[in-house]
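*Asks:* Same order as they appear, the protein sequences are chains Y and U.
Each residue of the first sequence is one higher than the one before, starting from 1 at the first, in full-length UniProt numbering.
Each residue of the second sequence is one higher than the one before, starting from 1 at the first, in full-length UniProt numbering.
Bear in mind the hints are in silico, worked out from the structure with no lab data behind them.
Ideal Cβ positions, reconstructed from N, Cα and C, are used throughout, including at glycine.
Be aware that a few hints might be false.
[Said to hold, decoys possible] The calculated lysine-lysine pairs, modelled on DSBU-like cross-linking and capped at a C-alpha distance of 30 Å, are:
1) U:K121 <-> Y:K94
2) Y:K94 <-> U:K418
3) U:K125 <-> Y:K57
4) U:K418 <-> Y:K11
5) Y:K57 <-> U:K121
6) U:K355 <-> Y:K11
[Claimed, not checked] Simulated DEER-style distance windows between Cβ atoms:
7) U:D25 <-> Y:R99: 21 to 31 Å
8) Y:V117 <-> U:Q261: 46 to 56 Å
9) Y:S2 <-> U:E534: 44 to 54 Å
The primary structure of each chain is shown beneath.
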Amino acid sequence: MSIGLENEFGKIEISNDVIAQAAGGAAVECYGIVGMASRHQIRDGLTDILRKENFTKGVIVRNVGDDLHIDMYVIVGYGTKITEVAYQVQSKVKYTLSRLLGMAVGSVNIFVQGVRVTNL
Amino acid sequence: MKHLNGHRFAEMVKMGSHHLSDNADYVDSLNVFPVPDGDTGTNMNLSMTSGAKETERVAEDHIGKTAQALAKGLLMGARGNSGVILSQLFRGFSKEIEQEEELTAKTFAGAFQAGVDTAYKAVMKPVEGTILTVAKDAARKAVETAEADEDLIRVMEALTDEARASLKRTPDLLPVLKEVGVVDSGGQGLVFVYEGFLAAMKGEKLPERSAEVSMDDLISAEHHKSVQAFMDTSDIEFGYCTEFMVRFEKDKTENHPFDEQKFREDLSGYGDSLLVISDDELAKVHIHSEEPGDVLTYGQRYGSLINIKIENMRQQHTAIVGEGHRAERPAKTGETHPYAVITVSMGPGIAELFKSIGASAVIEGGQTMNPSTEDIVEAIRRVGAERALILPNNKNIIMAAEQAAEMAGIEAAVVPTKTVPQGLAAILAFNPEATVEENANAMTSAFSHVRTGQVTTAVRDTTIDGVAIQKDDFMAIAEGKIVKSGASLDEVTRSLLDGLIDGDSEIVTILYGTGATAEEAERLASHIEASHPEVEVEIHDGKQPLYPYILSVE
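Using the sequences and the hints given, assemble the complete structure.
*Replies:* Structural data, given as structure tokens:
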């Protein structure tokens, strides 16, 4: 699936992978996010933190009609206010996609799949 | 100061929170990263206030407990990115000194360092040039200072100075800050907190507005905000960016004593994006106004004007956004039609044919490349009409066309044509004076007595509708049913035509495409005229791919 635009010069197609990469990149820059998690936890290993090249496994881009919906599976750092971090990711992803791709996002859904506790 | 106790620390927190609160608006105005929504100051202020409130409840004079209360309050009240970071900084800070009743210079500096370490752990990809960088640089300096100096105030001083210096460097680390010409908002908020801490340790009072606040920062932040706000040059209400300074003159201020509050209120009547900073001798003013002359005249009441700069923002804005708008221009400058008749077809020849008989837009598409709903909506939008009729010319596109009609935002209807000849017949029945509904009905009945024949090649061996077909054979399709197949294009087409034409037929239209030539089409025409002298034959070069012939019989 992809997003298509057309202008006087021709067509522009942006694949869902690109959108997932852009969204994932925006999310991991958010404070409180320590990684993306796979949506297939059992298959890909329990709460494995995805490495950068696998970001897209933790980001699902869905086209419903003309709307773009994004599901993100994230892992947050322990001790952060999780709801606030999730909210920040939503707003950052929405902003980044509108700036990079010029497209409005219908919804950004955050699934917190894990909390990483580090020894202090 | 050699020791820091819990009560004094609570005072520091209170002062830091106050100082941040006093300057929250300024911090808001700096907010361009990560999302320029101008709420960093508000968010940090709410977070810090929640932290300070929690510390007030600690009666005991135990700094470990006070810091813990602060961390708890910050966590619960954390708002926004910088609020969350602030809460992490002090969570690490409090964890480090949990057991301490009093702090020395070394443990104090160490706590800041622990806070930074914790804060960095909660992010995968720290962005430098933000509050994190400011906290990190400041803590490192504090640790360095504390090694040689036992005085807590001097450590806090070094920490605050370094925080300010680091803040100044943020634009070098984060490009978006440099672009806009501001320092990082979260970093600035942290500096305000540290300044409050320091003042409380020294027992000083802080000025309501920090002396560090520079007018230039404020101006660039204001401009950044307005660039964001105006999408269209014509939306600019106040067209001139006016900056000047008033040097107060005694004989004038005797009649009009200068009062910043009143000055600000009076000026706000002239425009928006108003900024005023003043001291005893000077007032600096920045305002976006439609009457810069009046603003200057008003300023002159208080003294002489210096450093006057007036810029036409509409002109600047046109230059900035001009590039971006070019892509949309065809839609805007295209003449408006009361009706948009949108058809879908393949082949430039057919597209031209459609346009010559009244289609306002032809979308490329057909058998294997169906246009999406969005393509159709976009085509309607480009025509800029008030009403639209859509001719899909393919049964697979009818659904998309119906969705597009709903979403077009104007009155629209679909004429459910399934083939190109049906579309051609329908469009000839179009009446620009009639309503959408009348047209849809008239056009639908117009194409209903058109019979369509298509000739194409088979992509694999198969049997459909009882006709055995070999790969690369020509197939004749009459009204969607395969009636004949064979290796000779001419033979297949002739038998198709003979099947389609009956006693009532008047006009036969031949659209030849890739795989057929004008001569071959001519030969077909003479064949028809010979066998059915009563019909007229029209030939068009449709240039369509996949179908050597598309035929219609009316």
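*Asks:* Take a look at whether the Cβ-Cβ distance between V117 (chain Y) and Q261 (chain U) falls inside 46 to 56 Å.
*Replies:* 52 Å, holds
*Asks:* Given the hint that K57 (chain Y) pairs with K121 (chain U), test it: the Cα-Cα distance must not exceed 30 Å.
*Replies:* Distance ~23 Å between K57 (chain Y) and K121 (chain U) Cα, so the pair holds.
*Asks:* Has the given pair, K125 (chain U) with K57 (chain Y), been kept, meaning a C-alpha gap of at most 30 Å?
*Replies:* 18 Å, holds
*Asks:* Given the proposed pairing of K94 (chain Y) with K418 (chain U), does the C-alpha separation stay at or below 30 Å?
*Replies:* 40 Å, violated
*Asks:* Given a hinted range of 44 to 54 Å, is it respected by the beta-carbon distance of S2 (chain Y) and E534 (chain U)?
*Replies:* Roughly 52 Å apart at Cβ, these two residues keep to the hinted range, so it holds.
*Asks:* Sort out whether K11 (chain Y) lies within 30 Å of K355 (chain U), counting only the CA atoms.
*Replies:* 22 Å, holds
*Asks:* Using the C-beta atoms of D25 (chain U) and R99 (chain Y), is the stated range 21 to 31 Å upheld?
*Replies:* 25 Å, holds
*Asks:* Going straight from one Cα to the other, do K121 (chain U) and K94 (chain Y) come out at no more than 30 Å?
*Replies:* 25 Å, holds
*Asks:* Taking 30 Å as the top limit, are the C-alpha atoms of K418 (chain U) and K11 (chain Y) close enough?
*Replies:* With a Cα-Cα distance of about 26 Å, the restraint between K418 (chain U) and K11 (chain Y) holds, given a limit of 30 Å.
The earlier numbered hint that this structure contradicts is number 2, and it is the only one.
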